[in-house]
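Using the sequences and the hints given, assemble the complete structure.
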Amino acid sequence: MPDFRHLSVLPDEVIRFLAPKPGGVYLDGTLGGGGHAGLIAERCTPGNGLLIGIDQDQEALAAAGRRLRGYGAGIRLVHGNFSEIEQHLAGLAIERLDGFLLDLGVSSHQLDSGERGFSFQQDAPLDMRMDRSQGRTAADLVNNLPEAELERIIKEYGEERWARRIAAFIVKARLEAPIERTLRLVDIVKGAIPKAKWEERIHPATRTFQALRIAVNRELERLEQGLRSAIDRLRPGGRGVVISFHSLEDRIVKHIFREYAGGCTCPRNFPVCVCGNQPRVRVLTGRPVMATDEEIVSNPRSRSAKLRAVEKL
418 MPDFRHLSVL PDEVIRFLAP KPGGVYLDGT LGGGGHAGLI AERCTPGNGL LIGIDQDQEA
478 LAAAGRRLRG YGAGIRLVHG NFSEIEQHLA GLAIERLDGF LLDLGVSSHQ LDSGERGFSF
538 QQDAPLDMRM DRSQGRTAAD LVNNLPEAEL ERIIKEYGEE RWARRIAAFI VKARLEAPIE
598 RTLRLVDIVK GAIPKAKWEE RIHPATRTFQ ALRIAVNREL ERLEQGLRSA IDRLRPGGRG
658 VVISFHSLED RIVKHIFREY AGGCTCPRNF PVCVCGNQPR VRVLTGRPVM ATDEEIVSNP
718 RSRSAKLRAV EKL
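Quick note on the working numbering: the sequence shown kicks off at 418 and runs consecutively.
Hints in this document: simulated from the structure, not taken from any laboratory.
Careful, some of the hints might be misleading.
[To be verified] Straight-line C-alpha distance at most 30 Å; calculated DSS-like pairs for lysine-lysine:
1) Lys671 - Lys438
2) Lys572 - Lys614
3) Lys671 - Lys572
4) Lys572 - Lys589
[To be verified] Label pairs and their calculated CB-CB ranges:
5) Arg639 - Asp604: 29 to 39 Å
6) Arg553 - Trp615: 25 to 35 Å
7) Cys690 - Glu573: 29 to 39 Å
Here a beta-carbon is modelled for each residue, glycine too, at the ideal position from N, C-alpha and C.
Next up, the structure:
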């Protein structure tokens, strides 16, 4: 198994907003290689604190286990998706959290591992599953979905203006032979987008690969479900931190945080409140926190990271 390589983004900012305390119970819902988890565990495990790490990638769990072994009983690692936080916490007999972190980025290891199929720069099976034990692959989608559904996925999840042409080119190509490798899909996408319209700073296949990855792993649906569950499990004063990497994720995080921070939703012309809604969190980040220039130089993948945080009331 190759080494699991991943530079955690915004590490100082995560600790500043999460503010982990000795004896607290914290959740890293997207454990990865355990970089953020190690920083949190260092601060919370004294005083019988606990760090729970969830990841759907078995390779990530194995790497994190090696990295965090020194914390002994202060660490609990769970194979699964953070959208099932309720079930995972129930299995550990944990009622409340003092804080949680969701880092929604794809790890460097996943991008660079040829066999995973996430990268458009290496030839690999067209897989893209975070958890390779279940679910449809990207090859299943491109070879079996109707053209209209492919267009919707590429347009909605990839925000790709050429979605209609790309979907049409995919359907035409799969009639000749199944699309099973990443570089074949790259060639199809490049053929669909007029070369004069290629963008200087982004590979032509970037948005299509992003869209397929989101669809394969049901990322947006799971984000909303998991984020709501995590906020609901926070104790008063507990904090939640989310790092997103594209506008679709950030929009969901921003809207959920605003919803939980809002109070009365009655129409303005109502003389008295009848809904009874009260603010449940305080938003700690009016605007998303971004990586510094120094971090971007050392970790270029941090360029698109956006951090938002809330505190439970």
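Against the structure, the hints come out as follows:
Proximity of lysine 671 to lysine 438 is assessed by CA-CA distance (about 26 Å); at most 30 Å being required, the pair is judged to hold. The straight-line distance between the Cα atoms of lysine 572 and lysine 614 is roughly 17 Å, inside the 30 Å bound, and the hint therefore holds. This hinted pair checks out: lysine 671 and lysine 572 have alpha carbons roughly 21 Å apart, not beyond 30 Å. The suggested pairing of lysine 572 with lysine 589 holds, with an alpha-carbon distance near 18 Å, which does not exceed 30 Å.
The hint said 29 to 39 Å for the Cβ distance between arginine 639 and aspartate 604, and at roughly 31 Å that hint holds. A hinted range of 25 to 35 Å for the beta carbons of arginine 553 and tryptophan 615 is consistent with their spacing of about 29 Å. A hinted range of 29 to 39 Å holds for the C-beta pair cysteine 690 and glutamate 573, which are about 36 Å apart.
Figure legend: structure checked against the earlier numbered hints; every hint is met.
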